[in-house]
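Chemist: Chain by chain, the residues run as shown.
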Amino acid sequence: MRTPLYEKHLELGAKMVDFAGWEMPVMYEGIREEHSAVRTHAGMFDVSHMGEVEVEGPGALDFLQRVLSNDVAKVGLGGAQYSCLCDEDGGVLDDLFLYRLGGDRYLIVTNSANHGSDLEWLGRWSHGFDVAVRDVADRYAMLAVQGPHARRIVVGALGIELPARMHAAAARIGGRPAIVCGTGYTGEDGVELLLDPEVAPPIWAELLDAGVVPCGLGARDTLRLEACFHLHGQDLTPERNPIEAGLGWCCAEETGFVGSDVVAAAHRGGTAERLAPFRIEGEGIPRQGNPVLVGGEEVGVVTSGTFSPSLEAGIGMAYLRADLAEPGAEVEIDVRGKHRAARIASKPLYQRKG
Amino acid sequence: MTLAEPTYPDDLRYHDQHDWTRIEGDVATFGITWYAQDSLGEVVFYDPPEPGAAVDKDQTYAEVESVKAVSDVIAPMSGEIVEVNEALVDAPEKINEDPYGEGWLVKVKLSHPDESEQLLSAAEYRNLLEKT
Numbered sequence: 001m002r003t004p005l006y007e008k009h010l011e012l013g014a015k016m017v018d019f020a021g022w023e024m025p026v027m028y029e030g031i032r033e034e035h036s037a038v039r040t041h042a043g044m045f046d047v048s049h050m051g052e053v054e055v056e057g058p059g060a061l062d063f064l065q066r067v068l069s070n071d072v073a074k075v076g077l078g079g080a081q082y083s084c085l086c087d088e089d090g091g092v093l094d095d096l097f098l099y100r101l102g103g104d105r106y107l108i109v110t111n112s113a114n115h116g117s118d119l120e121w122l123g124r125w126s127h128g129f130d131v132a133v134r135d136v137a138d139r140y141a142m143l144a145v146q147g148p149h150a151r152r153i154v155v156g157a158l159g160i161e162l163p164a165r166m167h168a169a170a171a172r173i174g175g176r177p178a179i180v181c182g183t184g185y186t187g188e189d190g191v192e193l194l195l196d197p198e199v200a201p202p203i204w205a206e207l208l209d210a211g212v213v214p215c216g217l218g219a220r221d222t223l224r225l226e227a228c229f230h231l232h233g234q235d236l237t238p239e240r241n242p243i244e245a246g247l248g249w250c251c252a253e254e255t256g257f258v259g260s261d262v263v264a265a266a267h268r269g270g271t272a273e274r275l276a277p278f279r280i281e282g283e284g285i286p287r288q289g290n291p292v293l294v295g296g297e298e299v300g301v302v303t304s305g306t307f308s309p310s311l312e313a314g315i316g317m318a319y320l321r322a323d324l325a326e327p328g329a330e331v332e333i334d335v336r337g338k339h340r341a342a343r344i345a346s347k348p349l350y351q352r353k354g
Numbered sequence: 355m356t357l358a359e360p361t362y363p364d365d366l367r368y369h370d371q372h373d374w375t376r377i378e379g380d381v382a383t384f385g386i387t388w389y390a391q392d393s394l395g396e397v398v399f400y401d402p403p404e405p406g407a408a409v410d411k412d413q414t415y416a417e418v419e420s421v422k423a424v425s426d427v428i429a430p431m432s433g434e435i436v437e438v439n440e441a442l443v444d445a446p447e448k449i450n451e452d453p454y455g456e457g458w459l460v461k462v463k464l465s466h467p468d469e470s471e472q473l474l475s476a477a478e479y480r481n482l483l484e485k486t
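Line by line, the protein sequences give chains A and B.
For the first sequence, our numbering begins at 1 and goes up steadily by one.
For the second sequence, our numbering begins at 355 and goes up steadily by one.
Hints are computed from structural coordinates only; laboratory data are not their basis.
A portion of the hints provided could be inaccurate.
[Stated by the list, open to error] Here are some chain A residues pointing at chain B (derived, C-beta under 10 Å):
1) His-35
2) Leu-217
3) Ala-219
4) Arg-224
5) Glu-281
6) Arg-287
7) Pro-291
8) Gly-295
9) Gly-296
10) Ser-308
11) Asp-334
12) Val-335
13) His-339
14) Ala-341
[Said to hold, decoys possible] Straight-line distance between alpha carbons at most 25 Å, and here's what the computed DMTMM-like set of lysine to aspartate or glutamate pairs gives:
15) B:Lys-485 to A:Glu-281
16) A:Lys-15 to B:Asp-452
17) A:Lys-74 to A:Asp-104
18) B:Lys-463 to B:Glu-417
19) A:Lys-338 to B:Glu-434
20) A:Lys-15 to A:Glu-239
21) A:Lys-353 to A:Asp-334
22) A:Lys-15 to B:Glu-434
23) B:Lys-448 to A:Glu-239
24) A:Lys-338 to B:Asp-370
25) A:Lys-15 to B:Asp-426
26) A:Lys-338 to B:Glu-471
27) B:Lys-411 to B:Glu-471
28) B:Lys-448 to A:Glu-312
29) A:Lys-353 to A:Glu-332
30) A:Lys-15 to B:Glu-437
31) A:Lys-353 to A:Glu-33
32) A:Lys-347 to A:Glu-239
33) B:Lys-463 to B:Asp-401
34) B:Lys-448 to A:Asp-89
35) A:Lys-338 to B:Asp-444
36) B:Lys-485 to A:Glu-7
37) A:Lys-15 to B:Glu-451
38) A:Lys-74 to B:Asp-426
39) A:Lys-15 to B:Asp-370
40) B:Lys-485 to A:Glu-239
Being a predicted model, the structure only gives us computed values, none of them experimental.
The beta-carbon is built from N, C-alpha and C at its ideal position, and this holds for glycine as well.
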């Protein structure tokens, strides 16, 4: 599948890769430059592969309370909230952002690989609620503009007002209805624009002219990992519950969401393993699947690993024995047979300036 | 900073796994081609072999790693490592900037110089790339 910006990526000479069935740009000029543009200036990512689901009706709040881990009642008009979608065993089916667009109208943004199964799951659990669950993925292109100058440039180029962080607002962009969200996946300030697919290419071009640097999935991964944001399919899976993943903060078990019993028990009793960020001390770049060792004994596994352009070091996240998942703990990462010294860190691995 | 255009010097011999060798008497210099560094992206880590180690044609002898992936480097010929490019340990980006010059990886005393006959000329290697 191709996003409405596919031709734009080719024009810029992007390297394209398959991502969950989508032909997406992994980088244009280079991951380091793109990463640095987001940390110091402004970068933009085509994230049109992500899915959108609209939930509307008098029963929308009750339904969303039932399926999402966070307390949806706390989301005011124009509010945004991060949540897990759990199965009955507390396993994480997806992690997603919820935006409240109207009194009983909400928009969920899904991970592309999970969009179909999320829809099926939401449809199944919607029985008995006075609510409509609609796949609206075809209605939106999505553009994330991120970095310390992102807001200023978007305002200047598009002449729109922007919502505060963790808020969303309706807008007109390119003469068409759009939704502007004060969210992102980079650890920097910025916005995510849900656009009419037809106006996505000219808006992309305008932002490019305004000096926003096009960034691919490669930089998206290094940025999100420095910020310790989870990637579903690696750091989050149906085999792990939100507590193990360090996402207890977005779980309101008292709402009785699907899986809340298991999550509450994990919250109370603790879990055998926990996800923790780490930094390599010296050489070596950890990768997904590398074993984590202490005294030669395997105590965990790396779920995400990369080279951090900001820290100039190997970084990652790993599930490991809970007693070792504390900042400062010394471990080794088995990087293809070489044991690399690493230290468990606190979140985030990279703290944004200012 | 990388060489923008594909470059494959005529004075080198090429292995189909995107490695080059410059043969000078019984010593050869090895490196990776423009295509290999471009596919990898910015190299951030070079893990060289030890001097004295044996290398076998078509076998892995080193690793180069970019932000997004690790790649095994394949020896185009057999022999013994006599020198490794230590400068790359601190400046692995030279593999991108100058893959046939400052980005060389190792020097090898060849045990079977006639293996060069099995390698590709620049023209043959360019043809191979056009087909992929």
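Chemist: For the hint on Arg-287 (chain A), does the least C-beta distance to chain B fall short of 10 Å?
Modeler: holds, 7 Å
Chemist: Run the distance test for Lys-338 (chain A) versus Asp-370 (chain B): straight-line Cα separation, threshold 25 Å.
Modeler: violated, 28 Å
Chemist: Checking one constraint from the list: CA of Lys-15 (chain A) to CA of Asp-426 (chain B), max 25 Å. Satisfied?
Modeler: This hinted pair holds, its Cα atoms lying about 21 Å apart.
Chemist: Does the structure keep Lys-463 (chain B) and Glu-417 (chain B) at a Cα separation of 25 Å or less?
Modeler: holds, 20 Å
Chemist: May I ask you to test the interface hint for His-35 (chain A) with respect to chain B, counting a Cβ-Cβ separation under 10 Å as satisfied?
Modeler: Holds: closest Cβ of chain B sits about 8 Å from His-35 (chain A), inside 10 Å.
Chemist: Given Val-335 (chain A) as an interface hint, is the shortest Cβ-Cβ distance to chain B below 10 Å?
Modeler: Hint holds; Val-335 (chain A) Cβ to chain B Cβ min 9 Å, cut 10 Å.
Chemist: Under the criterion of a CB-CB separation shorter than 10 Å, is Ala-219 (chain A) in contact with chain B as hinted?
Modeler: holds, 8 Å
Chemist: Does Glu-7 (chain A) sit within 25 Å of Lys-485 (chain B), going by the straight-line distance between their CA atoms?
Modeler: holds, 24 Å
Chemist: Checking one constraint from the list: CA of Lys-15 (chain A) to CA of Asp-452 (chain B), max 25 Å. Satisfied?
Modeler: holds, 21 Å
Chemist: Do the alpha carbons of Lys-353 (chain A) and Asp-334 (chain A) lie within 25 Å of each other, as the hint requires?
Modeler: violated, 32 Å
Chemist: Against chain B, with CB atoms and a cut of 10 Å, does the hint on Gly-296 (chain A) hold up?
Modeler: Violated. Min distance 22 Å.
Chemist: Given the proposed pairing of Lys-448 (chain B) with Asp-89 (chain A), does the C-alpha separation stay at or below 25 Å?
Modeler: Outside the cut-off at roughly 51 Å; violated.
Hint check: violations occur at hints 4, 5, 7, 8, 9, 11, 13, 14, 15, 20, 21, 22, 23, 24, 26, 29, 30, 34, 38 and 40; the rest are consistent with the structure.
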